[in-house]
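**Student:** The residues making up each chain are set out below.
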Amino acid sequence: MYRRWLWPGFALPGVIWLIVLFLVPFYTVLAVALGTVDPILFQAVPIWNPLEWNVGWLNEVVHRLGPGGNLTDVALRTLEYVAIAVGLSLLIGYPVAYYIARLAGRTKALLLILVIAPLWINYLMRMLAWVNLLAPDGYVNRFLTYTHILSEPRDWLGGQASTVILALVYGYIPFFILPLFAALDRIDQSQLEAARDLGASRFRTFLHVTLPLSKLGILGGAVLIALPMFGDYYTPNIVSGAAQTSMIGNQIDYYFHGGPQPTIGAAITIVLAAFLTVLMGYYLWTIHRSTQQERTT
Amino acid sequence: MSSVAEAPVAPRPSAWRRFRGWLSNPWGRPRFLPLVTWGYVVWSIVPVLIAVQFSFNATRSRTTWQGFSTRWYWGDPVDSVWHDPTLRDALVQSLKLAVADVVIATPIGVLLAIGLARWHGRGSGSSNFLMLFPLVTPEIVMGVALLLVFTDLFTFVGTGTTAQILGHVTFSISFVVVIVRGRLFSIGRQYEEAAADLGASPTAALTRVLLPLLMPAIVASAAVVFAISLDDFVISQWLSKGGETDTVPVIIYSATRAAPLPSTNAIATIMMLLSLASVTIGFLVWRAFTRGERQAGQSVVRDMGTAPRVGDI
Numbered sequence: 001m002y003r004r005w006l007w008p009g010f011a012l013p014g015v016i017w018l019i020v021l022f023l024v025p026f027y028t029v030l031a032v033a034l035g036t037v038d039p040i041l042f043q044a045v046p047i048w049n050p051l052e053w054n055v056g057w058l059n060e061v062v063h064r065l066g067p068g069g070n071l072t073d074v075a076l077r078t079l080e081y082v083a084i085a086v087g088l089s090l091l092i093g094y095p096v097a098y099y100i101a102r103l104a105g106r107t108k109a110l111l112l113i114l115v116i117a118p119l120w121i122n123y124l125m126r127m128l129a130w131v132n133l134l135a136p137d138g139y140v141n142r143f144l145t146y147t148h149i150l151s152e153p154r155d156w157l158g159g160q161a162s163t164v165i166l167a168l169v170y171g172y173i174p175f176f177i178l179p180l181f182a183a184l185d186r187i188d189q190s191q192l193e194a195a196r197d198l199g200a201s202r203f204r205t206f207l208h209v210t211l212p213l214s215k216l217g218i219l220g221g222a223v224l225i226a227l228p229m230f231g232d233y234y235t236p237n238i239v240s241g242a243a244q245t246s247m248i249g250n251q252i253d254y255y256f257h258g259g260p261q262p263t264i265g266a267a268i269t270i271v272l273a274a275f276l277t278v279l280m281g282y283y284l285w286t287i288h289r290s291t292q293q294e295r296t297t
Numbered sequence: 001m002s003s004v005a006e007a008p009v010a011p012r013p014s015a016w017r018r019f020r021g022w023l024s025n026p027w028g029r030p031r032f033l034p035l036v037t038w039g040y041v042v043w044s045i046v047p048v049l050i051a052v053q054f055s056f057n058a059t060r061s062r063t064t065w066q067g068f069s070t071r072w073y074w075g076d077p078v079d080s081v082w083h084d085p086t087l088r089d090a091l092v093q094s095l096k097l098a099v100a101d102v103v104i105a106t107p108i109g110v111l112l113a114i115g116l117a118r119w120h121g122r123g124s125g126s127s128n129f130l131m132l133f134p135l136v137t138p139e140i141v142m143g144v145a146l147l148l149v150f151t152d153l154f155t156f157v158g159t160g161t162t163a164q165i166l167g168h169v170t171f172s173i174s175f176v177v178v179i180v181r182g183r184l185f186s187i188g189r190q191y192e193e194a195a196a197d198l199g200a201s202p203t204a205a206l207t208r209v210l211l212p213l214l215m216p217a218i219v220a221s222a223a224v225v226f227a228i229s230l231d232d233f234v235i236s237q238w239l240s241k242g243g244e245t246d247t248v249p250v251i252i253y254s255a256t257r258a259a260p261l262p263s264t265n266a267i268a269t270i271m272m273l274l275s276l277a278s279v280t281i282g283f284l285v286w287r288a289f290t291r292g293e294r295q296a297g298q299s300v301v302r303d304m305g306t307a308p309r310v311g312d313i
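Chains as they are written, first to last, in our numbering: chain A, 1 to 297; chain B, 1 to 313.
The following block holds chain A by itself, in its conformation from the complex:
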């Protein structure tokens, strides 16, 4: 009896913690999103019994996010920003990860430290750094006007989509490079040599051996950065703050902090979480499938 309960007993405090402070909070979001709103105080009234849930608010939010709704632009903009930022991260990150994993030689450890370091530097400090640089009289504008690329300083922080996208790339790209590095570093050198011995050119070796073998790393890194980007509200707020660069996270932030209705905020959160769960599920499924393949071969 003692032995049988020993290991579950070890796990028990952690499991209880996660049930009470992770699962129950999720249920609370559902209860608020599917609850009602006090007509006088405009406060959210959660409904705890699933049989009495009221889908009215959730329906309304889905309609607002869908075609023709007043949140359509925000939803499309969020998809667009995240897609461009992930694409740019791949474009910049792949050569970097590839070089460090395969060609860096003696500088490998140093480069790896320099790539990991930003992960441990506060995200907001890294944004603050760019706010300083992009200020009207900051180094970026001074450099661009000095070299006559711009005739007068540009208002980088006044609601430019390009600034927000670049800030997203800057903020999250280290999380993309590391899993990609791990995937590229794991590739067996002999497989590449085999391809070369069989007459494949460097380019074909890359295309037919290296790239497929790093596919999981690319996918993992892309999901890993896309998830927080979809929920990001602080980056657009810091480097732009304008309504024309507002993302879905900003809407959630708005409906909770000073906004009119937490119920709508909770409903948007539910829609976002459902969307991201599909993304996560796909990712976990590909990992699962590839480990199964590894086991069978």
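It cannot be assumed that every hint is accurate.
[Claimed, not checked] Calculated from the model, a selection of chain A residues having no Cβ within reach of chain B, i.e. all distances over 12 Å: (1) ARG4; (2) LEU51; (3) GLY66; (4) PRO118; (5) TYR146; (6) THR147; (7) LYS215; (8) ALA243; (9) ASP253; (10) HIS257.
[What the hints assert, rightly or not] Label pairs and their computed distance ranges (CB to CB): (11) A:TYR282 / B:GLY39: 27 to 37 Å; (12) B:PHE68 / A:ILE187: 45 to 55 Å; (13) B:LEU284 / A:LEU91: 27 to 37 Å; (14) B:SER254 / A:ILE149: 32 to 42 Å; (15) A:THR36 / B:GLY39: 53 to 63 Å; (16) B:GLY39 / A:ASP137: 22 to 32 Å; (17) B:TYR191 / A:TRP5: 48 to 58 Å.
[Stated by the list, open to error] With the Cβ distance kept under 10 Å, some of the chain A side facing chain B (calculated, not the full set): (18) PHE26; (19) ALA129; (20) TRP130; (21) PHE143; (22) LEU144; (23) SER151; (24) ARG154; (25) VAL223.
Hints in this document: simulated from the structure, not taken from any laboratory.
A quick note: this is a predicted structure, and the numbers were derived from the prediction, not measured.
For each residue, glycine too, the CB sits at the ideal point set by N, CA and C.
Using the hints provided, position chain B relative to the given structure of chain A.
**Tutor:** Chain B only, in chain A's frame:
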């Protein structure tokens, strides 16, 4: 890679030919890849260094360098980190949360990791799955969930320091589990089994064999938890009730959106040094403990490449 070795012997080809060679073979050993990589490193690090530089600026400007001074750290009687009560309180609050997080999340996470690795009965699969979720849930979703649970269900908690600590522990546990479980897999079960064969009770095998072997992972995970707690912004902000419960990242956020002084850069620099120091110490302790376990060819690089933050799921 024989084609690379010939290059230095032959006379230096013309620029045009090298360019054409590069075009036809961009993945060989061109100048292109190191250029991109070093360019990326400079791009990712230099802005932060410039921000650190301006924390030592002699004037209120964050964009024009006007001489070195430490006034934004302690010299200025009103606005320095040392004298401004807002900044000082934020620093204290950040450290308070980080220490509480380490003290609570590390033991729970270590026990959960051991339990999940050894327990194969009913419920172990779903517990494993549950543990993974906080790692991939976007922080805003978790922030909304925790805010609502503390204001609508566990109303006796409310917002403020207690809620912040509970929130930090919730997202930290999984990091501890991932780090400790990696170590558990790499040491295997044979030491415990040997101890049991020699007559040790399960408890003795655990405290006298397994725990000492897990020590590097425990220290490393404590360091990581300290750093991620210091760096956390979203959970701290959503569960803050303002005033003294704002942490340093929350202060940086609101200052950056208003009109920041170099003292914001100064407090950000202090935070950066604290979390970098914490992770470095954790890593060095890990290295010192596991020295001699590494086989030839298994380098530091491998250790770092499998760093816990990568999302080892």
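**Student:** Determine for every hint whether it applies to the structure shown.
**Tutor:** A quick look at each hint next to the structure:
no. : hint                            : in the structure
1   : ARG4                            : violated, 8 Å
2   : LEU51                           : holds, 19 Å
3   : GLY66                           : holds, 21 Å
4   : PRO118                          : violated, 5 Å
5   : TYR146                          : holds, 14 Å
6   : THR147                          : holds, 18 Å
7   : LYS215                          : holds, 17 Å
8   : ALA243                          : holds, 15 Å
9   : ASP253                          : violated, 7 Å
10  : HIS257                          : violated, 9 Å
11  : A:TYR282 / B:GLY39: 27 to 37 Å  : holds, 33 Å
12  : B:PHE68 / A:ILE187: 45 to 55 Å  : holds, 48 Å
13  : B:LEU284 / A:LEU91: 27 to 37 Å  : holds, 35 Å
14  : B:SER254 / A:ILE149: 32 to 42 Å : holds, 33 Å
15  : A:THR36 / B:GLY39: 53 to 63 Å   : holds, 55 Å
16  : B:GLY39 / A:ASP137: 22 to 32 Å  : holds, 25 Å
17  : B:TYR191 / A:TRP5: 48 to 58 Å   : violated, 23 Å
18  : PHE26                           : holds, 5 Å
19  : ALA129                          : holds, 4 Å
20  : TRP130                          : holds, 6 Å
21  : PHE143                          : violated, 12 Å
22  : LEU144                          : violated, 14 Å
23  : SER151                          : violated, 20 Å
24  : ARG154                          : violated, 14 Å
25  : VAL223                          : holds, 8 Å
Checked against the numbered hints above, the structure violates hints 1, 4, 9, 10, 17, 21, 22, 23, 24; every other hint is satisfied.
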